[in-house]
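Novice: Here the sequence shown is numbered in my numbering, starting from 475 and rising by one per residue.
The hints are simulated quantities; they were obtained by calculation from the structure and are not laboratory data. Note that the Cβ used here is the ideal one computed from N, Cα and C, for glycine as well. It is possible that some hints are incorrect.
To be verified - Ranges of calculated distance between the beta carbons of each label pair, as one might list FRET restraints:
1. A893 - K631: 34 to 44 Å
2. P747 - T477: 24 to 34 Å
3. R694 - M636: 46 to 56 Å
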Amino acid sequence: MDTADLFTPGFKTTPYWWEASPPAEETGAGLPAEADVVVIGAGYTGLNAALQTAREGLSTLVIDAEEAGWGCSTRNGGQVSTSIKPGFAQLMRRYGEERARAILEEGQASLDYLTRLVAEEKIDCDFRAVGRFHGAHLPKFYEKLAAECRAPHPVWKTDAYMVPKGEMAAELGTKAYHGGIVYPHHCSVDPGRYHAGLLARVLSAGAQVRSHCPAVSITRLATGFTVATPKGPVRAGKVVLATNGYSGALAPYQQRRIIPIGSYVIATEEIAPGLIDRLFPTDRILSDTRKLIYYYRLSPDRKRVLFGGRVSLAETDPRKSAVRLHGAMTALFPELATVRVSHSWLGFVGYTFDTLAHCGEDDGLYHAMGYCGSGVGMASYLGMRMGRKAAGRETTQSAFERISFSTRPLYSGNPWFLAPSVLVYRIRDRFGV
Numbered sequence: 475m476d477t478a479d480l481f482t483p484g485f486k487t488t489p490y491w492w493e494a495s496p497p498a499e500e501t502g503a504g505l506p507a508e509a510d511v512v513v514i515g516a517g518y519t520g521l522n523a524a525l526q527t528a529r530e531g532l533s534t535l536v537i538d539a540e541e542a543g544w545g546c547s548t549r550n551g552g553q554v555s556t557s558i559k560p561g562f563a564q565l566m567r568r569y570g571e572e573r574a575r576a577i578l579e580e581g582q583a584s585l586d587y588l589t590r591l592v593a594e595e596k597i598d599c600d601f602r603a604v605g606r607f608h609g610a611h612l613p614k615f616y617e618k619l620a621a622e623c624r625a626p627h628p629v630w631k632t633d634a635y636m637v638p639k640g641e642m643a644a645e646l647g648t649k650a651y652h653g654g655i656v657y658p659h660h661c662s663v664d665p666g667r668y669h670a671g672l673l674a675r676v677l678s679a680g681a682q683v684r685s686h687c688p689a690v691s692i693t694r695l696a697t698g699f700t701v702a703t704p705k706g707p708v709r710a711g712k713v714v715l716a717t718n719g720y721s722g723a724l725a726p727y728q729q730r731r732i733i734p735i736g737s738y739v740i741a742t743e744e745i746a747p748g749l750i751d752r753l754f755p756t757d758r759i760l761s762d763t764r765k766l767i768y769y770y771r772l773s774p775d776r777k778r779v780l781f782g783g784r785v786s787l788a789e790t791d792p793r794k795s796a797v798r799l800h801g802a803m804t805a806l807f808p809e810l811a812t813v814r815v816s817h818s819w820l821g822f823v824g825y826t827f828d829t830l831a832h833c834g835e836d837d838g839l840y841h842a843m844g845y846c847g848s849g850v851g852m853a854s855y856l857g858m859r860m861g862r863k864a865a866g867r868e869t870t871q872s873a874f875e876r877i878s879f880s881t882r883p884l885y886s887g888n889p890w891f892l893a894p895s896v897l898v899y900r901i902r903d904r905f906g907v
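I would like the entire structure built from these sequences, with the hints used as guidance.
Specialist: Now the structure itself:
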């Protein structure tokens, strides 16, 4: 398809999810002079923390530099897993068996928590246990997945099973994969509607939420903190940093440990039902074995394909990324070559040098971040854990508090090494090394 014909007449560079749930422009006016807890960041982490503190009767203020939910909480692909990238063997080598098990157990706990939260709070967000199909982009990776599937997982009850290439048509209408594996307990969600429902519960609990109110600085006092904003200072008993890939210079310690990486997504125009059913016979969330992973799924109404990944060496414009993502999508599904793009957007995920999330407390200053692209469940879960700690409801350390939050020499928040890293990963994906 010619680039000029790629976009629909109403093409937008905002997330598809915003069509049903646009971010809340304003949720209140003015700032209180003080609050028991100030939460910085109104995404999944911050709102889950605020839900805990507000329901414990603590005066809670949530502030965000943009609209509440403007960041990756409404820009992600709506895929929910157990959120831990390193395997058990790798975690064992790093931390020993006890801590490795504890990390993996919290990965499962994050999925369980989100499942329970949505059900108990009756949040209408198309949350479903649809399962994940993870495709092998080279034959050697099918064998690797099969070996992992045969060995019982030391912590998770995955119930995973292999799908040979000859049986792929029941899972996915592409010849590009050499089979794959299904993880039946992974889930899908409409991230915009989840955020909107969560925000409504937080406001109902009595918390105040202020959009377009960035935190400029955090000053520690003899007791508590002062959080400076363009709308005035707020005295805080405790502060929760919930900024993840948008942390910036506000918190230099976290800035040196969080790697903001743009992840790009497109949504197609509506596709004929017969073609959708042939290419996507299930409602599974989808990914593959590439280092530069593609993640994709159908929209909840089964009318569009949402396709995401990292497609450029450096950060780029959503119009340019749309061309590349469309090319990657049609390499998997040639039948979609003439299907146009209605939305293209990006969001900054927060990576870490050890590819694990981190959380903790420094005398009343709490943080949870670094979800490495798997944050829908983990951000919700660790936000809840930090909220409970700030409310005095929990003293047990998370496994993610008991591991070092490392940085690297010469890194101060600008990922100068990203372009060469992406280039190396492209080469490794091509040759399977």
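Novice: Evaluate each hint against the coordinates.
Specialist: Hint by hint, here is what the structure shows:
1. A893 - K631: 34 to 44 Å: Between A893 and K631, where Cβ atoms are some 40 Å apart, the hint holds.
2. P747 - T477: 24 to 34 Å: holds, 28 Å
3. R694 - M636: 46 to 56 Å: Given a distance of about 54 Å, which is inside 46 to 56 Å, the answer is holds.
Violated hints are absent here; each numbered hint is respected by the structure.
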